[in-house]
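Residues 1000 to 1108 in my numbering are what the sequence shown lists, from first letter to last.
These are computed hints drawn from the structure, not numbers from a lab.
Check each hint, because a few of them may be wrong.
In silico SDA-like cross-links for lysine to any residue, where the CA-CA straight-line distance does not exceed 20 Å [what the hints assert, rightly or not]: (1) K1079 to I1061; (2) K1086 to G1054; (3) K1009 to K1079; (4) K1009 to S1087; (5) K1086 to K1071; (6) K1071 to G1054; (7) K1071 to G1045; (8) K1034 to E1021; (9) K1071 to L1081; (10) K1009 to L1081; (11) K1009 to Y1063; (12) K1079 to L1091; (13) K1013 to K1071; (14) K1034 to R1066; (15) K1013 to N1051; (16) K1079 to N1106; (17) K1009 to I1061; (18) K1009 to G1045.
Note that the structure is a prediction, hence the values are computed from the model and not measured.
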Amino acid sequence: MAFSLSNSEKIILKSSDDNTFEVHESVTKQSVTIKHMIKEPYVGSGSILILNVSGESLASNIEYCKRIIGYKWLLFLACKSLLFNIKSDFTLDEEAKIQKENPWAWNNN
């Protein structure tokens, strides 16, 4: 599974000094303030105006949010890699007993 922002909806953010930024929705959700603004019913008419924030500050915020997503993805990959490299020291009988005692841990639902 590859990480991609291409499937998410793009949102246009507009700073107080009229700079506009086209950003993937998944990036905007990293900012609590912007995430709540997207949920508001008045949003959807084109761009979201971010009051009292300059274009320079908004650009920095967007870049930070993109990095957060990248770090989360890297952490996921690192944990997945560790998970698949862990060797069990249980015998097959011990492992079967644990699975029987804790079926919720092996439930894929």
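Original post:
So which of those numbered hints doesn't the model satisfy?
Top reply: The structure conflicts with hints 1, 2, 3, 4, 5, 6, 7, 10, 12, 13, although it agrees with all the remaining ones.
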